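So the sequences go chain by chain: R and X. The opening position of the first sequence corresponds to residue 1 in our numbering, with each subsequent residue numbered one higher. The opening position of the second sequence corresponds to residue 1001 in our numbering, with each subsequent residue numbered one higher.
Which chain X residues face chain R? A few, computed with CB under 7 Å, are given here: (1) V1021; (2) P1026; (3) Y1028; (4) R1029; (5) L1045; (6) A1048; (7) N1049; (8) P1050; (9) R1052; (10) D1271; (11) G1274; (12) V1276; (13) S1307; (14) V1311.
In short, the hints are calculated from the structure, not lab data. Note that the coordinates shown come from a computational prediction; the quantities given were computed from them, not determined experimentally. Every residue, glycine too, gets a C-beta built ideally from N, C-alpha and C.
Number of protein chains: 2
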Amino acid sequence: MLTTRLDTARIQAARRFIDPVFLDTPLYRCEALEPDLGCAVSIKLETANPVRSFKARGTELVASRLAGDGRHAVVCASAGNLGQALAWSGRGRGLDVTVVASRHATVAKLDRIRALGATLELVDGDHELARDRAAAIARQRGVRLLEDSLDVETCEGAATIGLELVDTAPSFDSVLIALGGGALATGVGHVLKEQAPTVEVLCVQPLGAPAMTRSWRQRRVVTTESTNTIADGVAGRRPIPAVLDDLLLVADDAILVQETSIIAGMRMLLDHAGLVAEPSAALGIAAILENPERFAGRHVATIVCGSNVDVAAYRRWVRPTHVHRP
Amino acid sequence: MLTTRLDTARIQAARRFIDPVFLDTPLYRCEALEPDLGCAVSIKLETANPVRSFKARGTELVASRLAGDGRHAVVCASAGNLGQALAWSGRGRGLDVTVVASRHATVAKLDRIRALGATLELVDGDHELARDRAAAIARQRGVRLLEDSLDVETCEGAATIGLELVDTAPSFDSVLIALGGGALATGVGHVLKEQAPTVEVLCVQPLGAPAMTRSWRQRRVVTTESTNTIADGVAGRRPIPAVLDDLLLVADDAILVQETSIIAGMRMLLDHAGLVAEPSAALGIAAILENPERFAGRHVATIVCGSNVDVAAYRRWVRPTHVHRP
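So that you can see chain R by itself, here it is in the shape it has in the complex (with noise of 0.2 Å):
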């Protein structure tokens, strides 16, 4: 029995609360991009929703909870994919969304954010501020303050893609799984363990955000002092403890990856797969190509779990290196 604060049958019952638009995403063999990676690569798509990222399946707990206890506003910190997801629940429920977010933060998340009409913040700073000021703001407002990883209903939310992994035959070696936060680490990681044992949970990060992976290693928090990633939906630098602690029940390995392989694994998945990936959804990619021998003849899925992209950035990341001419 896994003693995460997760619990299997409440994940279960979670999906019923999820709008399906959110669940039983596509999971499919790519067999275009095995010859360059070495092994069988399954792709869960996190991407073709409403929000482009997986984190509605949290949000879509947290507001219909809301909404069922007869609350009216609820705030939260995020790097845009939380917001967006937010919003979108939020706006659904007649709850109003206040979303506090980094001024660096990634253009194109900023304005759906809007669009879906939450009120949007900006701070003067990282994530980590962004965090401090939507706490903040549920002191002095008396509102829900939902906050990504340490809130259950993310995890869980984020749990119900692990259903949906063991769920589906065959099954795969190891899943890849983005590192940030932790929600969706240990949310699919719990799933896993439970479910399907024999399936490595292997969790991959950033080399310029490493401090969930440091902590992992290290077994206990390790905070940064800045981060420096192209990847900004899991760019912390102040893990939480009680997450931490569902992570060293649930990862087998924590892999950093450099920013190079992260495009190049955007490239790939755009080119090979026709998929377009935020950094973040790259990460598994760039864990097999920085480590091929590692994956050599095994079968991996692996998360594409937002596609939100500033146009101009992607662009620039995805451009071939050598110039194709006709």
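For this one, chain R is given, so just place chain X on it according to the hints.
This is chain X only, laid out in the frame that chain R set:
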């Protein structure tokens, strides 16, 4: 009672013979597209599967029937997507698959057909010559010829998309469907006309390959001497009479669009929806772009039916019209 060659009970039964990886594809509102299009837009996404197009819904039916009948070989002509799908469906059932294609077909499609283990034969001419050659091979070898749009399995396989469209609330005012040989349009159109008769069935074809649209308008088969479009998936010149008869029963209109609109549609799908679409899959967006008054304020569903592109050509098509510099 609709008197096409298709049968709704048979279409419902067809789902059992199609690998679930091709069924129940994403269907979602894409609000980020809407400010530029002036109407509500829902995407039915047929690209997140092992062959990156809807065509396997039909080839799964064909291949399972052939395997059930103890047949060992099948041949088809293809612009590339049907061939890939038949190669995938045949490989899983031990069938020898031969695909005949134009030497000028999209290279990425031809590469995937080979990679999936099919025998690929190229002809020095267009898709119509490939059709003739495939028929000759079938006669010579005594193997099953799969004819796209003529063989009712290709239409009824595609029609399972229609079941998924009518199963999901809310309903749409119009569904925009790429029109080539007619399998997709007659398939989806049949189900819509039987189960949601108030929904407009709108077919879209390039001005550079207008044979089926002209035939629909004149209510008789009209052929053309040549085609001139980047939308390789719908570039036929010789409509099939039986398919035209069905199209006359189910289509409310057939719209022709310019190449520049198809390119603009592909770019919008990439920039605002994060979706790679091949030219044929952008026909619906192109139709909205060219007819803003017609669609203003309505709710339109468009089937993004394939994403198989040559990378270099795709990069040219979606290149920004204004160069963004950071």
